Amino acid sequence: MSSERELRPVVWVEIGKPIDFARQTFAVAEADVRKLIHDPVELFTRMVQPILWLLIFGEVFSRVRAIPTGELRYLDFMTPGILAQSVLFGSIFYGISLIWERDLGIVNKFLVSPAPRLALVLGRGLSSTVRSLCQMVLVFVLAGLLGVRLRLAIGPLAGVIAAVMLGSAIFATFSLIAACIVKSRERFMGIGQVLTMPLFFASNAIYPLSLMPRWLRGVSAANPLSYQVDALRGLMVVGGKSTFGIGVDFAAMFFVLALLLAVATKLYPRIVQ
Amino acid sequence: MDRHTEKAAPQSEHTESAATAPQAVQAFGLTRRFGQLTAVDHVSFAVARGSIFGLLGPNGAGKSTLIKMLTTLLPPSEGTAVVGGFDIAREPESVRRVIGYVSQMLSADGELTGYENLLVSAKLYGIPRAERRRRIARALEFMELQDVASRLVSHYSGGMIRRLEIAQSMLHRPSVLFLDEPTVGLDPAAKHAVWKRIQDLREQLQTTIFMTTHDMEEADRLCDRVAFLHRGSLVLEGVPRDLKAGLGPQASLDDVFLHSTGASIAEEGALRDVIRTRITTRRVG
Ligand SMILES: Nc1ncnc2c1ncn2[C@@H]1O[C@H](COP(=O)(O)OP(=O)(O)OP(=O)(O)O)[C@@H](O)[C@H]1O
Ligand SMILES: [Mg+2]
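Taken in sequence, the protein lines are chains A and B. Each residue of the first sequence is one higher than the last, beginning at 1 in our numbering. Each residue of the second sequence is one higher than the last, beginning at 1 in our numbering.
Same shape as in the complex, but just chain A (with noise of 0.2 Å):
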């Protein structure tokens, strides 16, 4: 046996591990894109309701003024939750696309394939904050017409780029976790709706921690919807500001989307079982 043979898997198994780990992560992530390209109807139809509730709720609660945010306008106060709150409901309901597929026959065929269990949850999350950030340009957008002193600066929008991601890969992760326990369609509906409003209520995105009865805080401090609210509010807008500080939010939500990931990648095999 010539050395040359014996150290090839070595520099195979360093080197091209992550690049194959990488490269199957985004063609999950890909399938997706490309289904949305092909029709992007759905896009349009997550648009409504961040365009209600800024337009409505935000104009009417602005007026009456009814919420105490500080120096913050009310609209600027929630712009950064309604963002939150958009990518919270368009990422929630992504584990019926995976029941769905499943009863196709479609998730058979990326779990005989060799990408990791881990590619796969991690490419389903990726696929989902492309349609986030697509909400958030959105988002941006609108609240510029309202004249929302948003920060455009290249640093803070970074950060909510990033905020926006983790939320989003975070929601859909539980949300897939979710379908893997209760496998049908059904039941998958009436989880989602149960969750949705309690997770935006039991935390800031409309009303600040400090209007909270205590125990109420205390739900939303669990909340990871809280930390992507906190760390958006502390970047998106001019004269905002984090309550728990812009590195604890992300901290916050690396910890949990490492949590969810882990639980996911273990479960999703069961999915087709």
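Please keep in mind that the hints were generated in silico from the structure rather than gathered at the bench. Because the structure is a prediction, the values reported are computed rather than measured. For every residue, glycine included, the Cβ atom is placed at its ideal position computed from N, Cα and C. A couple of the hints might just be wrong.
Here chain B is said to cover these stretches of chain A; the calculated rule only asks that three of the stretch's residues, wherever they fall, bring their Cβ under 8 Å from a Cβ of chain B [to be verified]:
#1 21-28
#2 35-41
#3 167-176
#4 262-273
Place chain B with the ligands on chain A using the hints.
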């Protein structure tokens, strides 16, 4: 021989044993239970390299469950199998590298084009960019799908989808290909086209093919060996010609099944399973 030479290198011992082993698939007491139901019950058999092996049985016999265990989609409740030289329970990643699988359902993605379906598969199997283009072009040509490659698969006919799926499952040149009812719901012309591709694959690439079917004519024409599964158990196995000859000059494979189980393949099967097959068939049609 471009069959993943670098990839196989880390497990060179296994690859060597796989290359010399005469068996592509060996099952040892494979069993799968779903609650009270034993869908596959202590099944053991071997499939020779380069052969076409047919698994026959009525609806609900356990054919798909058996194939899902062999392709690592479903963990066995008991027993194990060696596929392409690797143990399905201990080395599932290695098994996945050397197998291809086309499920009973139509698994090509209808919302993507034929080309995109192949592209995604090629990337999942880590086929390098330069090689990818060449293999996809060849696969499309082999399956006679070049003209429709850029059309959405939802506009394909059932036969075209099946050919696309087989092309997808062959891009990485697997040594064992699992086909779960490859011709269910296809019209005679489409069926013959799929049969021809299956035979070509075996002849040109020496692929071992493990397929399931209810179709006795299909089994008779394609398979070197067949095995009958009845309520989860393997009741009979052999060369189709010998099995029929054992019964008499006019005997068909269905007669053989009837003789060994007291039931006809066409008549067995719970209502639920028949409905399931009909649904699949409708989707194919
Ligand atoms: N995930 C599951 N959970 C519970 N029961 C299952 C599951 N999958 C299969 N079964 C049951 O196991 C038995 C064998 O099913 P299987 O799909 O393997 O049969 P089959 O031989 O492929 O039938 P067909 O010809 O209809 O495809 C059936 O009774 C089926 O209802
Ligand atoms: Mg079946």
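Outcome of the hint check:
| no. | hint | verdict |
| --- | --- | --- |
| 1 | 21-28 | holds (count 5) |
| 2 | 35-41 | holds (count 3) |
| 3 | 167-176 | violated (count 0) |
| 4 | 262-273 | holds (count 3) |
The earlier numbered hint that this structure contradicts is number 3, and it is the only one.
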